[in-house]
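So the protein sequences, as listed, match chains V and F.
For the first sequence, my numbering begins at 3 and goes up steadily by one.
For the second sequence, my numbering begins at 16 and goes up steadily by one.
Simulated from the structure, these hints should not be mistaken for laboratory data.
Here are the simulated lysine-lysine pairs, DSS-like style, with alpha carbons at most 30 Å apart:
hint	chain 1	residue 1	chain 2	residue 2
1	F	LYS193	V	LYS261
2	V	LYS16	F	LYS123
3	F	LYS242	F	LYS343
4	V	LYS261	F	LYS252
5	F	LYS27	F	LYS123
6	F	LYS109	F	LYS193
7	V	LYS97	F	LYS210
8	F	LYS123	F	LYS242
9	V	LYS16	F	LYS114
10	V	LYS97	F	LYS123
11	V	LYS185	V	LYS90
12	F	LYS251	F	LYS35
Quick caveat, the model's predicted, so the values are computed rather than measured.
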Amino acid sequence: MRRYTALVSLWFIKALEYRAELVIWAVLTLLNTTILLAIWLSVFRGVSSLQGYQVGQVLQYFLLATVINGITASHFESWRSREVREGKIDHYLTKPIPYPLQVLLADIGNRSFYVLLIVPITLLVYLAFSFHYSLGVLTVSPLILFQCVLLLGVGYLIEFSFAMIAVLLSFWFEGAEGLEHFKWISISLLSGFMIPLEFMPLWMRSLVNLLPLKYMYAVPIQVVQQRTSLGISDLLYIGGFLLLLFALQRWLWHRATLKYTSAG
Amino acid sequence: MAQPVISLHHLKKYFKVYRKKPGLLGSIQSLWDRQYEEVKAVDDISFEIYPGEIVGFIGQNGAGKTTTLKVLSGLLYPTSGDVSVLGFNPWDRKAEFQKQFALVMGQKNQLWWDLPAMESFLLNKAIYEVPDDKFQKTLDILMDLLDVRDIVNIQVRKLSLGQRMKCELIAALLHSPKVLFLDEPTIGLDVVMQKVLRDFIKAYNEEFKATIILTSHYMGDVKELCKRAIVIDHGKKIFDGELQEIIDRFARNKILSLTLNDPVKQSQLEKFGTVKEFDYPKATLLVPRGRAAKIAGELLTRFSLADVNIEEPTIDAIIRELFLSEKKTA
Ligand SMILES: Nc1ncnc2c1ncn2[C@@H]1O[C@H](COP(=O)(O)OP(=O)(O)OP(=O)(O)O)[C@@H](O)[C@H]1O
Ligand SMILES: [Mg+2]
Numbered sequence: 003m004r005r006y007t008a009l010v011s012l013w014f015i016k017a018l019e020y021r022a023e024l025v026i027w028a029v030l031t032l033l034n035t036t037i038l039l040a041i042w043l044s045v046f047r048g049v050s051s052l053q054g055y056q057v058g059q060v061l062q063y064f065l066l067a068t069v070i071n072g073i074t075a076s077h078f079e080s081w082r083s084r085e086v087r088e089g090k091i092d093h094y095l096t097k098p099i100p101y102p103l104q105v106l107l108a109d110i111g112n113r114s115f116y117v118l119l120i121v122p123i124t125l126l127v128y129l130a131f132s133f134h135y136s137l138g139v140l141t142v143s144p145l146i147l148f149q150c151v152l153l154l155g156v157g158y159l160i161e162f163s164f165a166m167i168a169v170l171l172s173f174w175f176e177g178a179e180g181l182e183h184f185k186w187i188s189i190s191l192l193s194g195f196m197i198p199l200e201f202m203p204l205w206m207r208s209l210v211n212l213l214p215l216k217y218m219y220a221v222p223i224q225v226v227q228q229r230t231s232l233g234i235s236d237l238l239y240i241g242g243f244l245l246l247l248f249a250l251q252r253w254l255w256h257r258a259t260l261k262y263t264s265a266g
Numbered sequence: 016m017a018q019p020v021i022s023l024h025h026l027k028k029y030f031k032v033y034r035k036k037p038g039l040l041g042s043i044q045s046l047w048d049r050q051y052e053e054v055k056a057v058d059d060i061s062f063e064i065y066p067g068e069i070v071g072f073i074g075q076n077g078a079g080k081t082t083t084l085k086v087l088s089g090l091l092y093p094t095s096g097d098v099s100v101l102g103f104n105p106w107d108r109k110a111e112f113q114k115q116f117a118l119v120m121g122q123k124n125q126l127w128w129d130l131p132a133m134e135s136f137l138l139n140k141a142i143y144e145v146p147d148d149k150f151q152k153t154l155d156i157l158m159d160l161l162d163v164r165d166i167v168n169i170q171v172r173k174l175s176l177g178q179r180m181k182c183e184l185i186a187a188l189l190h191s192p193k194v195l196f197l198d199e200p201t202i203g204l205d206v207v208m209q210k211v212l213r214d215f216i217k218a219y220n221e222e223f224k225a226t227i228i229l230t231s232h233y234m235g236d237v238k239e240l241c242k243r244a245i246v247i248d249h250g251k252k253i254f255d256g257e258l259q260e261i262i263d264r265f266a267r268n269k270i271l272s273l274t275l276n277d278p279v280k281q282s283q284l285e286k287f288g289t290v291k292e293f294d295y296p297k298a299t300l301l302v303p304r305g306r307a308a309k310i311a312g313e314l315l316t317r318f319s320l321a322d323v324n325i326e327e328p329t330i331d332a333i334i335r336e337l338f339l340s341e342k343k344t345a
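Same shape as in the complex, but just chain V (with noise of 0.2 Å):
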């Protein structure tokens, strides 16, 4: 165990030096949130509530939103895919932790890091806009509690899994950074990211509905919102999806052992 606290630890340490990078990435973040809030706006000018939405609670959303990603996004697939290709990774393979175990604690060290700094700087925002429009309260009990750290822990697990399948990915083909972009659209639009479940057309909406990409955004937000609840057979759907990824990863990590050649 004390192995993994030190590489978690070590991964801080070096997003530290990093810092600059992160600073961007956190920026780029809330940029982002900050077009969204204004197409929002501009959506309920005139109006007071849209689709059971008043616009305080869309503004939360998304506020909500931002935190979830803050806590939860990867970006490490083209930096580590590259590393593949040009056969960087030799000397995390000669080490006894298997390498996408080593993948994940330096993800867990390096998002440390950024948590602590982009959750403080999102709370602030939040803060400013509470000011101004009245976002809808947030009621904070044990129960919500409990589903939303479970639910954080699920959303980052999925980001991980994608991120780590692409890198993965990478022992076979080239381009597969690219997957980094398809991983971005496909969870902003099925996860609730971009569009509250309510705001979305009938099909897509029961598309969504189908795939366990919600339990990433509009699940926890909804749970926050008191809007929705966790059931039995949430856990159940969830619990079945995250270890299909995990054996997915396990396969390919299995094939790409064989498959490695070791560039340079």
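Could you slot chain F with the ligands onto chain V? The hints should help.
Coordinates of chain F with the ligands only, in the frame set by chain V:
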């Protein structure tokens, strides 16, 4: 005799590479018609290495040295053949195995570029689960041997190549590996630094009884460190034995260096051997090994010489001979 630490039987590693015609047309054509080609990087190599040996692994560029070391480290999955290192299949990548060896590549660093080397040392300490007291002891020994105390807290990217290589070695050795694969550890270093690293490798071998395979293009490394050498060429082993044996077998000539007192014609010298260099008053002659002393004596009676020296050819020259003779027989 003891059990071998490393054994290879009929190891083959082929790479599939794809050949693209140059230019845009070639790129377009390769969309549907990819030309694959097999590169036989390692082509049926067998050898065994025993505890405590330092073996020099010699071969020209592209001979297959690095590929062999990567297979031994479990990075590459072999095309065929049996490999055992410390009783493990390297590509099973068992943690017990990985804790007992280290791979150092002059070309690829493991140290974190933007952090001081010390952070990477601590990382390895954690990953390899080295206990505190043992870590401190090993680190002290290694830092003293390599004299790096004042640079381990400086960002790695601000170090010189030689300083970085020293730190690379320390990072690789903190878990006291029993088996060491060194792939061109002295590449790009000046002669002084090469010597420092050589002495260090020798000391490490003696102190920890480690088994070491070393590749290098600097024959000085091999000559000073390795009793035994394995020479490979185009993925095939062409020699395996004592380094001295290569010298005896392939160094057919010795070198006579003369300093003349009076001018002579080159043709006069040519009667005694092949004139390698002639730049009055200095001359260099290649003469058959067995007759070197006799010829030197004859030269002394024939000409007025200020100085005469009999030298062994450099090991590089000998290896060149070896490759040339291999080409002729192939
Ligand atoms: N990842 C790879 N993919 C395809 N071919 C490779 C790969 N790695 C090595 N090769 C080929 O295998 C052969 C052996 O390469 P290797 O790196 O083992 O040589 P080497 O003896 O270490 O040479 P050098 O002294 O230049 O380091 C070369 O022809 C090289 O082009
Ligand atoms: Mg090499």
